[in-house]
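There are 4 protein chains.
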Amino acid sequence: MDPQQIGVGMLGYAFMGKAHSNAYRTIEYMTWPPPLRPALVAIAGRNQDAVAEAARRYGFAEPISDWRALVTDDRIGLLDNTGPNNLHAEPTIAAAEAGKHVLCEKPLGRTADEAFEIWRRTAAAEVKHMCAFNYRFVPAVRLAREMIEAGEIGEIYHFRARYLQEWIIDPKFEMVWRLNKDEAGSGALGDLGAHVVDLARFLVGEISDVSGLTRTFISDRPGGHVDVDDAFESVVSFENGAAGTIEASRLCHGRRNAMTFEINGSKGSVVFELERLNELQVYLAGSRPGDRAQGFRQVLVSEADHPFWEWWWPQGHILGWEHTFVHEIHHLLRVIADDGDVRPYGADFEDGYRAAEVCDAIVRSSETGRREEISYRSL
Amino acid sequence: MDPQQIGVGMLGYAFMGKAHSNAYRTIEYMTWPPPLRPALVAIAGRNQDAVAEAARRYGFAEPISDWRALVTDDRIGLLDNTGPNNLHAEPTIAAAEAGKHVLCEKPLGRTADEAFEIWRRTAAAEVKHMCAFNYRFVPAVRLAREMIEAGEIGEIYHFRARYLQEWIIDPKFEMVWRLNKDEAGSGALGDLGAHVVDLARFLVGEISDVSGLTRTFISDRPGGHVDVDDAFESVVSFENGAAGTIEASRLCHGRRNAMTFEINGSKGSVVFELERLNELQVYLAGSRPGDRAQGFRQVLVSEADHPFWEWWWPQGHILGWEHTFVHEIHHLLRVIADDGDVRPYGADFEDGYRAAEVCDAIVRSSETGRREEISYRSL
Amino acid sequence: MDPQQIGVGMLGYAFMGKAHSNAYRTIEYMTWPPPLRPALVAIAGRNQDAVAEAARRYGFAEPISDWRALVTDDRIGLLDNTGPNNLHAEPTIAAAEAGKHVLCEKPLGRTADEAFEIWRRTAAAEVKHMCAFNYRFVPAVRLAREMIEAGEIGEIYHFRARYLQEWIIDPKFEMVWRLNKDEAGSGALGDLGAHVVDLARFLVGEISDVSGLTRTFISDRPGGHVDVDDAFESVVSFENGAAGTIEASRLCHGRRNAMTFEINGSKGSVVFELERLNELQVYLAGSRPGDRAQGFRQVLVSEADHPFWEWWWPQGHILGWEHTFVHEIHHLLRVIADDGDVRPYGADFEDGYRAAEVCDAIVRSSETGRREEISYRSL
Amino acid sequence: MDPQQIGVGMLGYAFMGKAHSNAYRTIEYMTWPPPLRPALVAIAGRNQDAVAEAARRYGFAEPISDWRALVTDDRIGLLDNTGPNNLHAEPTIAAAEAGKHVLCEKPLGRTADEAFEIWRRTAAAEVKHMCAFNYRFVPAVRLAREMIEAGEIGEIYHFRARYLQEWIIDPKFEMVWRLNKDEAGSGALGDLGAHVVDLARFLVGEISDVSGLTRTFISDRPGGHVDVDDAFESVVSFENGAAGTIEASRLCHGRRNAMTFEINGSKGSVVFELERLNELQVYLAGSRPGDRAQGFRQVLVSEADHPFWEWWWPQGHILGWEHTFVHEIHHLLRVIADDGDVRPYGADFEDGYRAAEVCDAIVRSSETGRREEISYRSL
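As given, the protein sequences belong to chains V, D, E and A, one line each in that order.
Positions 1 to 379 (the working numbering) are the ones given, in order, by the first sequence.
Positions 1 to 379 (the working numbering) are the ones given, in order, by the second sequence.
Positions 1 to 379 (the working numbering) are the ones given, in order, by the third sequence.
Positions 1 to 379 (the working numbering) are the ones given, in order, by the fourth sequence.
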């Protein structure tokens, strides 16, 4: 018997809209049988021609120009919000309150307050909610999490992560919405830092305090004034005693999409690099008495017993960046189908909110010059 | 206006059938607009339940159990043969002679004679024919080819390549068709070696002679006797004077899917590793007078001006192994739509045949102990 | 004509004493002709048998048990202090005030105050003084410095460095002087952090403020209580506007001696790893118009025109860690012979003092929770 | 008590003379206590000024211009022949027949015949003889040997090695003795290939047959005609059934001194790269049931229990290329002191001869086009 359908309405058709659309289409046959078969009902966007083209390209039945139509469409069971950051709150809340499950791109809100509000009202609506921290769904990252969970790395001492890109290093690069505070909320912090903060929480635990600073190296660009950060640096402490650093920058020559982290524990270490996302470096202490061949293992995460690999290829036939979305959205569809939990392997809106609290604390610390303790609100 | 359709009939639904099916489905929206929109008409295979499941999974309208029905189906414009090696010749020729374009997995034939026959009769039918050497369609490999073509590497002195896997290293691994000469033709030679021979020709030029040997380390396995090679080693000479080695083995612990090559020329060198297929290492001599920072460049092949990247993501968001098929089949559809040429960037059946001549010569050399010159037949 | 001699008196014969002794013996014939020929006059240490053995082994004419005898020995022109941190101040100052040139291991003092006092009194004595920050003398590090100085990396945005070791990760590892505050001053901070702080200053410029924290994960060890840091984390700002992080830890499994740094500027980036000290990764933007082979270059720093390589081997025949001391001490002998300047390529005692100010500020920030501005004292 | 002395006479003061001289001087205090203390009696060379300078630089008591004086010098117990290849036979034999122990650079002879003659007459003289295959004394290579010996890699299936350099890639590079057959015997083959052949024998076992070819890409150079090979390629079979390839070239852009090998066995694999000589990559199958973190281990060979490390530094403080000679000559001095065996860890003249047989067979195969079986002569 073929799987049941779920109607999907999407807001946004740009970078993330393309990535999510690809995931819906791929899930249908790759994660076979899919928990639910996505029916691409409608896609919304401001530019009428572009959204019509996107609908035709990705196979949405209907292009629309006002996202409100998605919320009132009874065929839609899942609202996927890939719009810019200033369009996260209102459509997501409206869809949730209309009884639709919601998937929202990160950062959940432009501030912790906004993120909290999205979480609060969505949770009250009792729908499934997921914040699209897709790097939790890299097989190597999930393997790291499972190894840590199983105690193989021991007590965690350190977490160090940096997310480096270079796309705005040219001072002549023109203004885009991502460089405007009203629309984006923040710069490298919310865009790149939020990912790393989420991974810190996913892999190590809750962050208790931060010291940091933000920098805008190039404030004036063709087309406008940049009022978000180009980069930030921070020291973080975790509730479990671990300590480390989190950094991000968009001005690092040669770094295309270079998110890396290293975790050191009392029994081993793991290292990950996003540009080689099929690999995990693992050091395990004392795996064999008298072992003279100890060293970081270059694990090509592509075996049948590795996370998510039951759907794919024989070992060594590597996956790409886009597959993280296939895994992520498959996870959400499974949760919806089974009335299960997004957590702990998926990030829900509370996770989106908590990441925002850490990002806000880095901004505060940059301004006050003080180590900022973080208190998380509950519902 | 939406692109025109082409009806696709597929033979085989296993590893390669899955990879090709994924490509047809992805082309439709990723290589937008596609040159032709693939309509998945029918899929053929011996196991009725499995082929029915495959049809449902990948979206073929009809599962059939006799490939002959594909050949007579008027809705089908392209026969895609992903069956085992002993099913390459007959269906491919029949489809071509029925006026269908044909795509056939490698190795084209189990021997050079068989491959020649497939080429001869297909060419006579005046349809488009393509041998599925998908590694030509790795962006990094194509970039290497374009750099060599543009003279950036200079006169080529060396080509060294090895394709190492480990999947049959356990002596208890059971017999499969790939270990049986009747079905597979050869072992590592036709399966892995053919890929490397094709890349040698694609990147450097025609091979003029070879010295080599083959080895079967584990002859008796549960379920039968292995009569193909586990590994081969060879020295190759090229018509243009370059010299090098080509090797493959399926008994290399730790090597999941490790095809690597290195090319050295009078102006530079390039190095490629399939397990990190998004990267190309490039050495360019004398790029700057007085340059004290000369070294191999780790090029992450993911820029807007890199081959095939106009369809994908922002830089650094890497592709997977499966995307080689998307590029490959897109190329074929473009050729069909435009009545263009599969060559030089795609491999046609002559390329499939020529690779087979080299593989056969390695077998001969292994037996005779002599350097074997290769003479290629023409039509 | 053979070079003139300089009498060397050494304090300490352990790890650093061995490394320095090796350098004196090697300089004599490798950095040929040496600026001065070191005559190993006497070596001082507390354990009489051990110091006698060390003298015999390394070729010092005389073993002595009281360092004061070094200071009054007229044959000695250079006092080399490789003793533990609590023996840096008194012997170094005494030697300087006796008119001897002085080389002192890092950290110069256990605190900024102590380091300042050593600097002040030594400078007043008008002898040459050098603080043994040997990593300035890695060829790859020096190349990085020269490229930055020449403007090839542009305006610097970021400096990120970490120095990770693992040697005390076993809780059963016993107390040693390096874990005792009275003797060592601090833990990872003064031992590892001082190196990185010095490189930050050497490569990027003066540090203006820091936020940080220190951690002692394992306080009780066989043989005593640890009262120094196992690790520290910090965010640093530079006077020129650059921002980054500096970290060190002795509890990182798999990290033998892993000092790494990355510098990003407006024109390029450089990356260095101490465990591969013969290599420098360099990214240079826009080296060629239309260049599709941009990437980090793996520069094997071993060419004739690379720093220090005029003394060594043909390209690719790599150097070891110990050679940094050969280069360092050669530099000092050249400075003494020519009455030249230790700076800018060598670190003098002001550099030793300034590193100590930064380390102290990290401790203060850890305690106060505030970003600490650093004010450097002058003479 | 201090170790006994042994008088050393050296022939040659160029690249290898410098490397060996450094070793003698270093052994004295680093491999403490040395088995014998080298006394540098005399150094011989044709250029009187240069040899005088070399004597002064390296500390030889006496420079001489005729090597025959070394042979008759009673103070000399060890003749170290670092001269050009055409000066290997006569002085080495003369010294041995005068009762001196002999160390001779590789290749032992310019042909197998010459090498055999050196071995035969030296062995008859009943002195210790060693052929300077220094790469046996890289700690990582020795570790590989010990692991293979202990069965940790299992039955060996493959050995693949290449030794790539680039120093003569410029056609304007002028003639030197290494490009002249009379003086050098062969080109890349004897210079680079001999090293790799020796490692093949050291690590895997005796080579039984080869197929190969040699190439001279640039025959005419300023100052003369090149009559040796620029490069060679070969397929090798081992007596134990293993198969592989051995290659070398001096025309590989970007390859400074790139000797690499890979060995695959039934239980694991090892990989080595000379430009990162402190590292060994090791894959061990099935080290832990259910292990999901299998991969090549990047072993930094610098632990206290690693070969040769008892003499050096704390872990992670890497060695350089030159240290291979320290280990090698220390081994020889130990053998002389103890009247022990150069084998199996050192290479004696039989090893030098056997490597020459393989090199000769590659030349023969290149000429005949046939796989050449190798028969080794015995005494």
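If you're looking for bench data, these hints aren't it; they were derived computationally from the structure.
Being a predicted model, the structure only gives us computed values, none of them experimental.
Mixed in with the good hints, there may be bad ones.
Calculated lysine-lysine pairs in the BS3-like style (CA-CA distance at most 25 Å, straight line) [as the list claims (entries may be wrong)]:
| # | chain 1 | residue 1 | chain 2 | residue 2 |
| --- | --- | --- | --- | --- |
| 1 | V | K267 | E | K172 |
| 2 | V | K172 | E | K172 |
| 3 | A | K267 | D | K267 |
| 4 | A | K267 | D | K172 |
Here is what the structure says about each hint:
no., hint, in the structure
1, K267(V) <-> K172(E), "14 Å, holds"
2, K172(V) <-> K172(E), "57 Å, violated"
3, K267(A) <-> K267(D), "41 Å, violated"
4, K267(A) <-> K172(D), "14 Å, holds"
The structure fails to meet hints 2, 3 from the earlier list, while all remaining hints are met.
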